[in-house]
Amino acid sequence: MTVPIGSAGPGDADRLTRLLSEAFLHGDLADWLVPDLAQRREIYPRYWAIVARHALAGAATVDVTDVDSAAALWYPGRDGEPDLVPADYPARLAAACGRYVGRFTALDEAMHDRYPDRPGYAYLGFVGVTPARQRSGLGAALLAHRHRRLDRAGTAAFLIASSADSARLYRRLGYRPCGADIRPAAGAPALYPMLRETRDAG
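With UniProt numbering, letter number 51 in the sequence shown gets 51, and the count goes up by one each step, no holes.
Think of the hints as simulated: they come from the structure by calculation, not from any bench. As the structure is a computational prediction, the values presented were derived from the model and not from experiment. Just to be clear, a hint being listed does not mean it is correct.
What follows is a list of derived Cβ distance ranges for each label pair [to be verified]:
#1 Ala132 x Leu173: 20 to 26 Å
#2 Glu42 x Arg149: 36 to 42 Å
#3 Asp31 x Gly9: 29 to 35 Å
Glycine included, C-beta positions come from ideal geometry on N, C-alpha and C.
Put together the whole structure using the sequences plus the hints.
Right, here's the structure in full:
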């Protein structure tokens with residue numbers, strides 16, 4: 001089955017926020033960031049609005065099957081570090097996350113230290129699929145679409161998997177471990193940095 005792939009734009013910010021909030025609501029990392037589910041349901045739309053609006057303002061290329069079903073946010077790794085957050089991020093993060101801002105900050109800082117020290121890679125910041133469509137191949141289709149373009153350009157791809165299960169999936173898509181696992185803080189789940197070297201597009 002061929003999955004049509006398009007791009008999201010600034011007018012899609014609210015829909016992308018909703019998609020990401022729902023896609024990442026559950027899981028070990030979500031449970032650690034905001035342990036109470038009711039509070040997480042309140043915090044996540046505010047947090048993901050920061051991510052979505054910055055990405056759609058030009059920081060990332062956002063590939064979608066459609067904005068309500070699946071999206072992949074790709075950031076260029078300029079000078080070894082992708083442009084993930086707006087200039088006023090600390091204040092906005094504190095306003096969005098309240099008492100849990102320290103955990104979000106610890107996550108950001110732990111990941112920041114692990115971006116590849118190499119020019120010209122693409123960083124898969126997030127790939128989110130609405131819960132009703134997860135495990136249906138939409139995420140893999142989004143990645144295959146971008147991988148073909150990266151291979152033609154001779155560009156490697158980097159990501160940080162948020163679970164061992166997702167790391168196993170990414171291995172099937174050509175990613176390999178890139179350094180030691182990441183632990184944002186005591187009691188936090190492990191994260192897995194992974195790199196996909198460019199393939200021969202011919």
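For each hint, the structure was consulted:
1. Ala132 x Leu173: 20 to 26 Å: holds, 22 Å
2. Glu42 x Arg149: 36 to 42 Å: holds, 37 Å
3. Asp31 x Gly9: 29 to 35 Å: At 33 Å between Cβs, range holds.
The structure shown violates none of the earlier numbered hints.
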